[in-house]
Amino acid sequence: MAVIVDSNTTVVVQGITGYQGTYHSKAMKDFGTKVVAGVTPGKAGQTVNDIPVFNSVAEAVAKTGANTSCIFVPAPFTRDSVMEAIDAGIKTIVAVTEHVPVHDAIHFVAVAQSRGVVLIGPNCPGLASPGLGKVGILPSKIFMKGDVGVVSRSGTLTYEIVNAMTEQGIGQSTCVGIGGDRVPGTNFVDVLAKFQDDPLTRKIVMVGEIGGTAEEEAAEFIKTNVTKPVVAYIAGRTAPPGKRMGHAGAIIARGRGTAESKITALEAAGVKVARIPTDVPELIR
Amino acid sequence: MAVIVDSNTTVVVQGITGYQGTYHSKAMKDFGTKVVAGVTPGKAGQTVNDIPVFNSVAEAVAKTGANTSCIFVPAPFTRDSVMEAIDAGIKTIVAVTEHVPVHDAIHFVAVAQSRGVVLIGPNCPGLASPGLGKVGILPSKIFMKGDVGVVSRSGTLTYEIVNAMTEQGIGQSTCVGIGGDRVPGTNFVDVLAKFQDDPLTRKIVMVGEIGGTAEEEAAEFIKTNVTKPVVAYIAGRTAPPGKRMGHAGAIIARGRGTAESKITALEAAGVKVARIPTDVPELIR
Amino acid sequence: MKLYEFKAKELMRKHGIPIPMGQVVSSPDEIKTLPGPVMVKAQVLIGGRGKAGGIKPAETVDEAKKAASAILGMNIKGYVTKQVLLEQRLEVDKELYLGMTIDRSRRGMLLMASASGGMDIESVPDDKLLMLSIDPLMGYQQFIGRRVASFLELPKEQATQVMGIVSKIYELAESEDAELVEINPLVITKDGKVVAGDAKITIDSDAMFRHKEYDELEEDLTPLEAKAKKLDIAFVQLDGNIGVIANGAGLTMATLDSINMFGGKAGVFLDLGGTDDPEKVREAMQLMSEANPKVILLNIFGGITKCDTVAKGVLEAIKDIKNKVPIVARIKGVNEELGREMLSNAGMIPASGLSEAAEKASKESLR
Amino acid sequence: MKLYEFKAKELMRKHGIPIPMGQVVSSPDEIKTLPGPVMVKAQVLIGGRGKAGGIKPAETVDEAKKAASAILGMNIKGYVTKQVLLEQRLEVDKELYLGMTIDRSRRGMLLMASASGGMDIESVPDDKLLMLSIDPLMGYQQFIGRRVASFLELPKEQATQVMGIVSKIYELAESEDAELVEINPLVITKDGKVVAGDAKITIDSDAMFRHKEYDELEEDLTPLEAKAKKLDIAFVQLDGNIGVIANGAGLTMATLDSINMFGGKAGVFLDLGGTDDPEKVREAMQLMSEANPKVILLNIFGGITKCDTVAKGVLEAIKDIKNKVPIVARIKGVNEELGREMLSNAGMIPASGLSEAAEKASKESLR
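Chains as they are written, first to last, in this note's numbering: chain L, 1 to 285; chain C, 1001 to 1285; chain B, 2001 to 2367; chain D, 3001 to 3367.
Bear in mind the hints are in silico, worked out from the structure with no lab data behind them. Being a predicted model, the structure only gives us computed values, none of them experimental. Please note: incorrect hints may appear among the correct ones.
Listed next, the in silico DSS-like pairs over lysine-lysine satisfying Cα-Cα at most 27 Å (straight line) [as the list claims (entries may be wrong)]: (1) L/K29 x L/K194; (2) D/K3156 x D/K3014; (3) D/K3051 x D/K3077; (4) D/K3056 x D/K3193; (5) C/K1029 x B/K2306; (6) D/K3312 x L/K26; (7) D/K3312 x D/K3007; (8) C/K1034 x B/K2306; (9) D/K3168 x B/K2014; (10) L/K141 x D/K3312; (11) D/K3014 x D/K3168; (12) D/K3156 x C/K1043; (13) L/K228 x L/K272; (14) B/K2229 x B/K2324; (15) B/K2082 x B/K2230; (16) B/K2212 x D/K3168; (17) B/K2212 x B/K2230; (18) L/K43 x B/K2128; (19) D/K3077 x D/K3065; (20) C/K1063 x D/K3128; (21) L/K63 x B/K2128; (22) D/K3156 x C/K1063; (23) D/K3002 x D/K3227; (24) B/K2094 x L/K43; (25) B/K2193 x L/K43; (26) D/K3193 x C/K1043; (27) D/K3212 x B/K2168; (28) D/K3032 x D/K3056; (29) C/K1043 x D/K3212.
Please take these sequences and the hints and turn them into a complete structure.
Written out as C-alpha cells, the structure is:
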C-alpha cells in the first residue's frame, strides 16, 4: 500500500492519441505504471505504445478493469472527460489539463467529492511513487525511492525540489502535485492526511505559494493531526503583491494569503520553513 | 437506539405557522417528540404550541441544536426548504408535502444523498417509533409499542394495517411511511437494512403497491440481507392495469411492476404475502 | 399531462430538435396548400392510431381534405379525433428510438435508445436497447450523447445530429418539467437528416404552477373525469358494479382487493388522496351517485378529522342524491362510535373493519 | 478579464439587475441630452478613481461636457481614461455591498453581503459581513436570498428586490463564466428602489472559448504586456534590474526569492507556464531583450524537452537581440551537459543549480 498509487493501480489515459497523451502514456509505462487502456472517441481499435484505445471510458473499464484515469484532453472538454470517468466508476482521476474554466472545475470537483472519487487537478502534474508507478507528467528521472512524502501546488518548482533531494540522496515515498488552480480537486490537507497514515512515508515536504489560504489551512491541520516532521517552502516571499480582484479577494483573505501569514502559521504548527528551495534537502535530512 | 428517530432526535418544523404545521407540531409533541423549533420566514419571534419560530433553519439550528426537520411547506417551496435544511446541517428530513414536481425531487434527493442526509418523502406520512417519538403526520392513536418494524409506500393503508395489528395486540418498533412519489428519498431497501440492524425490531411488515419495481428490489435485498421474518402485503392485486406512459414505462418495467411479479419475487425471498390487509396481523404474529 | 403530438413537436422545435414541416387543422377547409406529399395524422392521446386508420397519406390538397374528413371525428379507442396534423412525408431510411423518462429505482432521468425504432419497440430484446441513467448532479454531459451515437452505430454525420438531439431532449425535460419525452420513430431520412417522426411528451402535472401556458389546454376527459380532476380526486371507471370511495391510493386498491375476495367487483373508484376532509367526502359522494353504481362502499381512514364530522358530510351529501342505492360506510378514527350511529340512523349500512365492509358491499352487489 | 463598469452594468441589465440610466462616450461632443442630473465617471480598470478626481457631478449638458473633457485622457494610477460613463444620479438613502467570487477553500462560489457598502468595505468587521458558501450541487436556492435579506435587516419591499438581485448575480456568474461579480455600493434610493451603483465583473479568461463576444474587447495593456499576453506568457514589471525568465509560476517566484537572497532584484519577469517548449523560450528571450534589463537570468526546468534543444532555441534568439546584456543560463534536464556547453560557447554564463544561477545573476546585476 502507498498513497493513491499502488500495485493495484491500472490506468486509462483519456486523450491518449494526442501528443501529450502519447508521450506520457509511454513515460508512465516506463516508470512501471500499469497503463491498460486509452480513450479517444472514434479511435477504438487503434493501439498507442501497445495500449489498446477505446471509444469511451465505460468500454475501457469494462474491457480492462482500469480503476484510475489520467486526463490529457483540451480544456474545453475536460469537464466532460472527468464526468465520463466518474460515471464509468473510475475511483482516482488525475486531470493534467490546464486552463480549465473555473465554473467547470467547481462542478466536477463537487461531483467527484459526492461520489467519493479522488480527483487531483485540474492543471496539475499528477503524482509519482518511485518503485510503484506514476500518474501524470512528472519527469521520471528526478525521482529516487525513499521515505519523504512531497506535496506541492507547483509543477516545475516541485521538480526542482525533488531533484535537489535526489541529488543529495534523499528519496521520496510519493510526490503529489495538486496543481495551482483556483478550485483544486485535492488540497494540501487531503494529501497530508494520507501521508500521516502512510507507513511508507516518514517525513513530509510541503511546497506552497503565496495567494489563497490553502497553506494556512494546512498549518492548522498539521498542528492537530500530523505527527511526522514537516518541512515547507513557500514561493513568493519576495514577489510583489498581485493585482487585486476588486474588494472581494481582500475580503475573503482578511490579511491571510501573504507569504508572511503562511510562514507564521506553518512555523506555529512546528513546521521548518526553508527560505529558498535549495535549502529544503538540508532541513528534511 | 431505534430506527431514524431516537431519544436524541430534536425536530424543527418548517412551515410551522401553517394549518398542518401547527396541528402536527402539537401532535408530535404529544407523542413525546422533542419539537424544539419552527421556521416560517418573516415570523421569527412568534411561538406556536410554545415552540419558538425562526426565520431560517440555520438560525433554528444555531439556537436550538435541532437535528431533524419535518417539512410542511407548499409544494412549490419544498425544494427550497429541503435544500435549506441540508445546508443548515440537518441530518434527517421528513418531507410531508405532496405534489412536489418530480424534477425538484430528483434534484434534492440527489443532493441529500451526496451529503449523507436521510430524507424521507416527499409525499410521505413520515415515521413513528412508539415510546420514542414521531416525525410526520401518522395518527398517534393507532400505535402500540412492540417489536414489529413496518415500512410502507402508502399512507392510510399503513394506518389501516398498523391499526389492525394494534387491535390484535401486536406492537410496532418503528413504522416508516416512505411515500408513494416517483422519486422517493428513502426506498424499501434503505429501511429494510435499518430494521435488519435494529435490535428493537424482531419482525418486519412491508406494505407495497403495484407499479414501479421497488418491491422487486426489496425482495432481492431480503433474499440476501434480511434474516428477520418478513410479511408483505401488495395493494392492487385486482386493480386494472394503469394507463401507459408511452412505451417508456413498459420498456423500463420489462414485465415487472405487476402485483404478480412482486408477490412472486417476495415469496421467492421467503416472505409471507397477505392477500388482503386484514390478514397481516395473523401472518406476523 | 400528456401533450398532443403537434404540441409536443412544437416544444421540440422550440428546443432545437428537428421536426417535419406541418400544420394542424380541425376542419378540412383549413387546408389550402401542402408542402409536398403529406401524412394526415389523427391527434389523439392514445397509441395505435395507425392500426385504427388514423394515419393516411395524401399527395394533393384534395386528397388531404378527403383524408382529414375521414379522420376528423374518428373514435380511436374511445378518444374522438378533433384535430389532424398534416405533416411533410419523410423519405425514411432508418427508424430509431429515443426516449427519456423518470426512473424510480435510480431516482433520476433514464435515457433509452435503440436502433430498432418503430411500432414494436416494447419487445426489443435487452441487448438492442441502451439504458443510461443520468446522474442528476452531473446533468447532461457530452459523453452521454457519444455513448448513444456509438451504441446506435451511426456514421459520423448522423452521430453528430443524434448527439445534439439527446442533449436537447434532456434540456427539454428539465426546463419544461417533462416526465416523459419520447421520439419513436426518430427517422433518418434518405438524405441523411435526423428528424423526429413522432413525439410523445408528458408534462409533470405537479409542476403546472410554473407552466401557466398549459392552463387553457383542454384534455380529453369525460364529464365525470373532468369533475373529478377539478376536485383533485382520482376517478377510474371499471367493469363491476360497486362504487368505491376511499382515501389514499393504497387503501383504495386494498379495498378493491378485499371486495374481490368476497366475490364483489368495483365499477368505479374515487380516491380522495391521503385526506379525510369531510367536504371532499361529500363531493365524492355526489360524484359517485352520478356514476350510477349498484352499491356504494365508503372506506375512510380518519387521520386528523373526527369521524362524526366526516359522517355529517356524508349525511349532507346523500340529502341531494336522487337515485337511492345501498351505502356501506366504514369510517375509522376518533369518535368512531358516534359516526357509525349517525350513519346507521340515516339508513346506511355501517361496518367497523375493512373486511366487514368489503363483505357487506359484495353481498349487496350480488343481490 | 476585467470588464469596464459600463460593460459590467450592461451584463447586469441583461440578467435583470437594475442599473441607473446611462450613456458611455469617448468624446464630449457625443453628449446631446441628459436624463437629469448625472455623475460623469471615468471608465478605468483600477479602483480609487473617485479620490483621483475621476468622478464628477453635472447638472446640465454643458457641465457634463466640461466634466467629460476634464476626465477623458486623465491618467489614473497609470491607466489612461478613454471613456466616461454619464449616469443618472441616484438619490441615495443607503449603500449596501453585494459580491460573489470563487472561494478556493470551499471550492465553490462565495456570496458576500454587508449593510456597510461603499469605499471602506475591506475594513468592515467580521460580524458586519455575511459570507455564504453556495453548494455547487445545490445551486442557488431562495433560502440563500432570504438569509442575505434577513442579515441586511431590510424592510420587506427592499428585501424582495435584494433577493431577486442575489439570484441574478448567481445566474450571471454561472452563465457568463464570471469569477467575480461585485456591486459596491448597492444603492437603496430615497424612493425605495434597489440599484447597482457601481459594478465590477471579471470574466474567467479560461472560459473565453465559449464567450466569443469578448474577442474584440480591448484591454489596457502596455505594448510588451500585449505581446506577452498573445504568447500566453505571464509578464510582470518590477523595480529591480534583473530580467528573469522561468517556466512555472512557482519556479519563477522561487527564482525571485533566490535572487533576493543574494542581494539581486528582479526588474521584470516572464513566466512561460509549466512548459519548456524551445520556441516559447526563444520568444521570451526576445521579449525580455525589449524590456532592457541589466542581466537576464534564464531558469528552465526541462520536463519533456531535451536541454540541447532548448539551448538551440536560446542561441537562435540571441542572434536577433541587439543590445547585448550578460545572460546567466541554467537549463535542467536530459542532455544537460551538452546544453550547458552550447551556451557557454556562445558567451553565456552557465549555471547548474538554482542557487548558483541566482548568485551569478545577482553579482552581474550589482557590477
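The hints, checked one at a time:
The hinted pair formed by L/K29 and L/K194 meets the criterion: a straight-line CA distance of about 25 Å does not exceed 27 Å. With a CA separation close to 25 Å, the supplied pair D/K3156 and D/K3014 stays within the 27 Å bound. Proximity of D/K3051 to D/K3077 is assessed by CA-CA distance (about 11 Å); at most 27 Å being required, the pair is judged to hold. As the CA atoms of D/K3056 and D/K3193 are separated by approximately 23 Å, the hinted pair is consistent with the 27 Å bound.
About 20 Å separates the Cα atoms of C/K1029 and B/K2306, which keeps this hinted pair within 27 Å; it holds. About 26 Å separates the Cα atoms of D/K3312 and L/K26, which keeps this hinted pair within 27 Å; it holds. For the suggested pair D/K3312 and D/K3007, the alpha carbons sit about 46 Å apart, so the restraint of at most 27 Å is broken. Of the supplied pair hints, the one linking C/K1034 and B/K2306 holds, its CA atoms being roughly 26 Å apart against a limit of 27 Å.
With a CA separation close to 24 Å, the supplied pair D/K3168 and B/K2014 stays within the 27 Å bound. With a C-alpha separation of about 22 Å, the suggested pairing of L/K141 with D/K3312 holds against the 27 Å cut-off. A C-alpha spacing of about 10 Å is found between D/K3014 and D/K3168, which places the hinted pair at or below 27 Å, so the restraint holds. Between D/K3156 and C/K1043 the alpha-carbon distance is near 12 Å, which keeps this suggested pair within the 27 Å criterion.
About 12 Å separates the Cα atoms of L/K228 and L/K272, which keeps this hinted pair within 27 Å; it holds. The suggested pairing of B/K2229 with B/K2324 holds, with an alpha-carbon distance near 25 Å, which does not exceed 27 Å. Of the supplied pair hints, the one linking B/K2082 and B/K2230 holds, its CA atoms being roughly 22 Å apart against a limit of 27 Å. A threshold of 27 Å between alpha carbons decides the hint, and for B/K2212 with D/K3168 the separation of about 22 Å falls inside it, so the pair holds.
With a C-alpha separation of about 16 Å, the suggested pair B/K2212 and B/K2230 falls inside the 27 Å cut-off, and the hint holds. Simply put, L/K43 and B/K2128 have alpha-carbon atoms about 23 Å apart, close enough for the 27 Å limit, and the pair holds. A distance of roughly 23 Å separates the Cα atoms of D/K3077 and D/K3065; the hinted pair therefore holds under the 27 Å criterion. Distance hint between C/K1063 and D/K3128 is fulfilled; the C-alpha atoms sit about 19 Å from each other, no more than 27 Å.
With a CA separation close to 20 Å, the supplied pair L/K63 and B/K2128 stays within the 27 Å bound. Between D/K3156 and C/K1063 the alpha-carbon distance is near 24 Å, which keeps this suggested pair within the 27 Å criterion. For the suggested pair D/K3002 and D/K3227, the alpha carbons sit about 18 Å apart, so the restraint of at most 27 Å is met. The straight-line distance between the Cα atoms of B/K2094 and L/K43 is roughly 25 Å, inside the 27 Å bound, and the hint therefore holds.
With a C-alpha separation of about 24 Å, the suggested pair B/K2193 and L/K43 falls inside the 27 Å cut-off, and the hint holds. Using a Cα cut-off of 27 Å, the hinted pair D/K3193 and C/K1043 holds, with the two alpha carbons roughly 24 Å apart. The hinted pair formed by D/K3212 and B/K2168 meets the criterion: a straight-line CA distance of about 22 Å does not exceed 27 Å. For the given pair, D/K3032 sits about 18 Å from D/K3056 by alpha-carbon distance, which is consistent with the 27 Å threshold.
At roughly 48 Å between alpha-carbon atoms, C/K1043 and D/K3212 are farther apart than 27 Å, so this suggested pair is violated.
The structure fails hints 7 and 29 (numbered hints given earlier, in ascending order).
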